[in-house]
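Here is what each chain is made of, one letter per residue.
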Amino acid sequence: MKRPAAESKAAAPPRRGGSLAADPRFRAFVVQAILLIAIVWIGWTLFENIRQNLAAQKIASGFGFFGETAGFGISQTLIPYTEESTYGRAFFVGLVNTLIVSALAIVFATILGFAVGIARLSRNVLLARLAEAYVEVLRNLPLLFQILFWYLAVLGTLPGPRQSTPLLGAVYLTNRGIIFPKIGLEPGSGIVFGALGIGFLLALILRFLQRRQMLMGSERRSFGWLTLLLIVGLPALAFVLTGAPVSLKWPELRGFNFVGGARLNPELLALLFALSTYTASFIAEIVRAGVLAVPRGQTEAAFSLGLSRRTTLRRVVAPQAMRLIVPPLTSQYLNITKNSSLAAAIGYPDFFYVFAGTTLNQTGQAIEIIAITMAVYLAISLATAIFMNWYNRAIALKGA
Amino acid sequence: MKRMFCALFVLAGFAVTAPAVNAGVLDDVKNRGVLHCGVTQGLPGFSSPDDKGNWTGLDVDLCRAIAAAIFDDPNKIKYTPLTAKDRFTALQSGEIDVLSRNTTWTLSRDTSLGLNFAGINYYDGQGFMIRKDKKVASALELSGASICTQTGTTSELNVADYFRARNMKYEIVSFTTADETLKAYESGRCDTFTTDVSQLYAMRLKLGNPSDHTVLPEVISKEPLGPVVRHGDDQWFDVVKWVLFAMLNAEEMNITQKNIDEAVKSPNPEVKRLLGSEGNFGEQLGLTRDWVVRIVRHVGNYGESYDRNVGIGSKLGIERGLNRLWNKGGIQYAPPIR
Numbered sequence: 001m002k003r004p005a006a007e008s009k010a011a012a013p014p015r016r017g018g019s020l021a022a023d024p025r026f027r028a029f030v031v032q033a034i035l036l037i038a039i040v041w042i043g044w045t046l047f048e049n050i051r052q053n054l055a056a057q058k059i060a061s062g063f064g065f066f067g068e069t070a071g072f073g074i075s076q077t078l079i080p081y082t083e084e085s086t087y088g089r090a091f092f093v094g095l096v097n098t099l100i101v102s103a104l105a106i107v108f109a110t111i112l113g114f115a116v117g118i119a120r121l122s123r124n125v126l127l128a129r130l131a132e133a134y135v136e137v138l139r140n141l142p143l144l145f146q147i148l149f150w151y152l153a154v155l156g157t158l159p160g161p162r163q164s165t166p167l168l169g170a171v172y173l174t175n176r177g178i179i180f181p182k183i184g185l186e187p188g189s190g191i192v193f194g195a196l197g198i199g200f201l202l203a204l205i206l207r208f209l210q211r212r213q214m215l216m217g218s219e220r221r222s223f224g225w226l227t228l229l230l231i232v233g234l235p236a237l238a239f240v241l242t243g244a245p246v247s248l249k250w251p252e253l254r255g256f257n258f259v260g261g262a263r264l265n266p267e268l269l270a271l272l273f274a275l276s277t278y279t280a281s282f283i284a285e286i287v288r289a290g291v292l293a294v295p296r297g298q299t300e301a302a303f304s305l306g307l308s309r310r311t312t313l314r315r316v317v318a319p320q321a322m323r324l325i326v327p328p329l330t331s332q333y334l335n336i337t338k339n340s341s342l343a344a345a346i347g348y349p350d351f352f353y354v355f356a357g358t359t360l361n362q363t364g365q366a367i368e369i370i371a372i373t374m375a376v377y378l379a380i381s382l383a384t385a386i387f388m389n390w391y392n393r394a395i396a397l398k399g400a
Numbered sequence: 001m002k003r004m005f006c007a008l009f010v011l012a013g014f015a016v017t018a019p020a021v022n023a024g025v026l027d028d029v030k031n032r033g034v035l036h037c038g039v040t041q042g043l044p045g046f047s048s049p050d051d052k053g054n055w056t057g058l059d060v061d062l063c064r065a066i067a068a069a070i071f072d073d074p075n076k077i078k079y080t081p082l083t084a085k086d087r088f089t090a091l092q093s094g095e096i097d098v099l100s101r102n103t104t105w106t107l108s109r110d111t112s113l114g115l116n117f118a119g120i121n122y123y124d125g126q127g128f129m130i131r132k133d134k135k136v137a138s139a140l141e142l143s144g145a146s147i148c149t150q151t152g153t154t155s156e157l158n159v160a161d162y163f164r165a166r167n168m169k170y171e172i173v174s175f176t177t178a179d180e181t182l183k184a185y186e187s188g189r190c191d192t193f194t195t196d197v198s199q200l201y202a203m204r205l206k207l208g209n210p211s212d213h214t215v216l217p218e219v220i221s222k223e224p225l226g227p228v229v230r231h232g233d234d235q236w237f238d239v240v241k242w243v244l245f246a247m248l249n250a251e252e253m254n255i256t257q258k259n260i261d262e263a264v265k266s267p268n269p270e271v272k273r274l275l276g277s278e279g280n281f282g283e284q285l286g287l288t289r290d291w292v293v294r295i296v297r298h299v300g301n302y303g304e305s306y307d308r309n310v311g312i313g314s315k316l317g318i319e320r321g322l323n324r325l326w327n328k329g330g331i332q333y334a335p336p337i338r
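Note that the protein sequences, when read in sequence, are chains A and B.
Residues in the first sequence are numbered consecutively from 1, following the numbering used here.
Residues in the second sequence are numbered consecutively from 1, following the numbering used here.
In short, the hints are calculated from the structure, not lab data.
These figures come from a predicted structure and were not determined experimentally.
Do not rely on the hints blindly, as some may be mistaken.
The calculated lysine-lysine pairs, modelled on DSS-like cross-linking and capped at a C-alpha distance of 30 Å, are [stated by the list, open to error]:
no. : chain 1 : residue 1 : chain 2 : residue 2
1   : B       : Lys135    : A       : Lys338
2   : B       : Lys134    : A       : Lys182
3   : A       : Lys182    : B       : Lys315
4   : B       : Lys76     : B       : Lys132
5   : B       : Lys222    : B       : Lys328
6   : B       : Lys272    : B       : Lys76
7   : B       : Lys78     : B       : Lys52
8   : B       : Lys328    : B       : Lys76
9   : B       : Lys76     : B       : Lys222
10  : A       : Lys58     : B       : Lys78
11  : A       : Lys249    : B       : Lys134
12  : B       : Lys134    : B       : Lys315
13  : B       : Lys76     : B       : Lys30
14  : B       : Lys52     : B       : Lys76
15  : B       : Lys30     : A       : Lys58
16  : B       : Lys135    : A       : Lys249
17  : B       : Lys134    : B       : Lys206
18  : B       : Lys258    : B       : Lys52
19  : B       : Lys134    : B       : Lys222
20  : B       : Lys315    : B       : Lys78
21  : B       : Lys265    : A       : Lys249
22  : B       : Lys328    : B       : Lys265
23  : B       : Lys222    : B       : Lys135
24  : B       : Lys258    : B       : Lys78
25  : B       : Lys52     : B       : Lys315
26  : B       : Lys328    : B       : Lys315
27  : B       : Lys222    : A       : Lys58
To be clear about the criterion: a stretch of chain B counts as covered by chain A if any three or more of its residues have a C-beta under 8 Å from a C-beta of chain A, and this derived list gives those stretches [as the list claims (entries may be wrong)]:
no. : region
28  : 127-133
29  : 175-181
30  : 199-212
31  : 277-284
Each residue gets a CB set at the ideal place from its N, CA and C atoms; glycine is no exception.
Construct all of the structure, not just a fragment, from the sequences and the given hints.
Written as structure tokens, this is what we have:
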């Protein structure tokens, strides 16, 4: 009784022609299963080997180091950090430094890049040529060279703190960076800033109402003086009532350095200048390509409809050009974040330098730290890409 | 980027090498016919290439002595210049056999980095260099100063301790390579440059006008510098350790490059044991009986190496100080060969 059943099972595949091995779907499944097992096995072997070899050489492993005292100083800390802080804290200090320089460089590179890109298309020959020269010089020199140029040849040749003379009364350009007055906050300053915020908010509401009135066709009234009063008067009133809690702290030379004021380190400035100007040269070309790729017919059609040059550019050319510009622009933004790791050359304490550099050297845990470093850069890049892809979809042609 | 590759190397190295079973480093070096030695990127007196491209220095001499003991040829060495930051990774990954790069012996490096210090070939301490026109006479007057140093060094940590303990403010600016650090100091980015005192003297020679700069009298730390090997190969550890001891013992017995041929005939049993005419001490190490003869003939004893590279006879002109032999008022002391 059993045999027929078994036979019928075995007999099923031949109906599709030949044995089980001849079934393409079955073969595909087997091949993939073998491949998967092989990959898992290789991965496991690698992991096991690493573990055993580290143990054999008695090299520390694991993630316990995050809680230990770092012991080294960092020159730029935007979140509180001292030598007594942990490696975990140092990790975030470095991360913040990378994010801040990348974000600033993205903003400046975009502004400069768009300006230069549009200047290259200008009918003014001098302007177009200057923009062309800018692009060709900056994008053809290695970035590391440019960073060192800004750091050593430009900022490094500024006078020392004792020799410097103030610009505009209180801004000092020195080889220790740019030193300027700091806004000092005492208790009660929150109220002043709150008043400033409320003033702005009210002014915005006012403006909204005014626009609506215009659209509705009612009589147009000017609120200019009221807006001014809200933005300036309200915080000024709060300032006086709370006893002047906000003041400017002037830098003053004491001993080796200035104390009192705020300072932008030359390492940050050099990296920021170099990253912004270098990437701007690529963005300029992307912008130029995007604008030129909009068919001429579009412009001509707009002109023949009687649209002004300005409106044509804003309403016809720009929206179509942006669709071409955004995807390559995303790549440039990703490059900025990654290129910021060249900071090590001039001692700017970015994430790579603090974590994959000093922390790695002191803890010796290369594997954990390199893995985390890769994950962090990947996360920053993916986040940037996700945002840009969302923006790209938002401006893409709808429907169809 | 180089660091990243280096670290990936370690990863790949650990991942691929067969677990636990490693052929001894000594056998590897013999088969390969060349010693891989990690040195600095150029520190006069310790390890720097001369105008003909030959590496010289106190740390280089140790590598040359090891190569001489193994091959009877001190030139069978491949030098790998390393930054302070990359040096341990290079050793852990097996890129080099021995790290002879003015490296401070500390507990955490000895343990969690998976390394062994084979001895101390230079007793050093950390100091500060400053421009004379700053009119600073003591490190205690450095409050508020900007300080340049190299990252990945004990200097970076000591300076943090020193200022913290004395409640002095400072700004640290640290760079990856010694040259970048020096350039930043020279350009005025920092008021002072801190590292081991011997290095300060060496780096001062690289400045445009060395006499404009002075080294402050304070020595703020202990910096025992020595050669380093990986954990897990005791035979190789012994070889490196005893090559250094042999150079010290040779100096103690007044055996020099000049008198080595007469010394071999000496009836003194201590000298006979050292030079291999009595006992098989070299063979116990996996070397030949005449290993010390080879070392002294090609490289010289410790004192000769010191004088030639960093001592009074050299450009650096550093006093022997602590590095004198124990019986001459210093603390250099090697266990006996017997």
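Evaluated hints:
1. Lys135/B with Lys338/A: It is violated: about 43 Å lies between the C-alpha atoms, which goes past 30 Å.
2. Lys134/B with Lys182/A: Holds - the C-alpha atoms of Lys182/A and Lys134/B are around 27 Å apart, at most 30 Å.
3. Lys182/A with Lys315/B: 48 Å, violated
4. Lys76/B with Lys132/B: 44 Å, violated
5. Lys222/B with Lys328/B: 21 Å, holds
6. Lys272/B with Lys76/B: 27 Å, holds
7. Lys78/B with Lys52/B: With Cα atoms ~16 Å apart, Lys78/B and Lys52/B stay inside 30 Å; holds.
8. Lys328/B with Lys76/B: 34 Å, violated
9. Lys76/B with Lys222/B: 33 Å, violated
10. Lys58/A with Lys78/B: 27 Å, holds
11. Lys249/A with Lys134/B: 27 Å, holds
12. Lys134/B with Lys315/B: 26 Å, holds
13. Lys76/B with Lys30/B: 11 Å, holds
14. Lys52/B with Lys76/B: Holds - the C-alpha atoms of Lys76/B and Lys52/B are around 17 Å apart, at most 30 Å.
15. Lys30/B with Lys58/A: 26 Å, holds
16. Lys135/B with Lys249/A: 29 Å, holds
17. Lys134/B with Lys206/B: The hint holds at about 20 Å.
18. Lys258/B with Lys52/B: 25 Å, holds
19. Lys134/B with Lys222/B: 27 Å, holds
20. Lys315/B with Lys78/B: With a Cα-Cα distance of about 26 Å, the restraint between Lys315/B and Lys78/B holds, given a limit of 30 Å.
21. Lys265/B with Lys249/A: 80 Å, violated
22. Lys328/B with Lys265/B: Given pair Lys328/B, Lys265/B holds - Cα atoms ~26 Å apart, limit 30 Å.
23. Lys222/B with Lys135/B: OK: Lys222/B and Lys135/B at ~26 Å, within 30 Å.
24. Lys258/B with Lys78/B: Given pair Lys258/B, Lys78/B holds - Cα atoms ~27 Å apart, limit 30 Å.
25. Lys52/B with Lys315/B: Cα-Cα ~17 Å, so holds.
26. Lys328/B with Lys315/B: 23 Å, holds
27. Lys222/B with Lys58/A: Roughly 26 Å between the alpha carbons, so the hint for Lys222/B and Lys58/A holds.
28. 127-133: Per the Cβ count (0), the hint is violated.
29. 175-181: holds (count 3)
30. 199-212: violated (count 0)
31. 277-284: Answer violated; 0 residues pass the 8 Å Cβ test.
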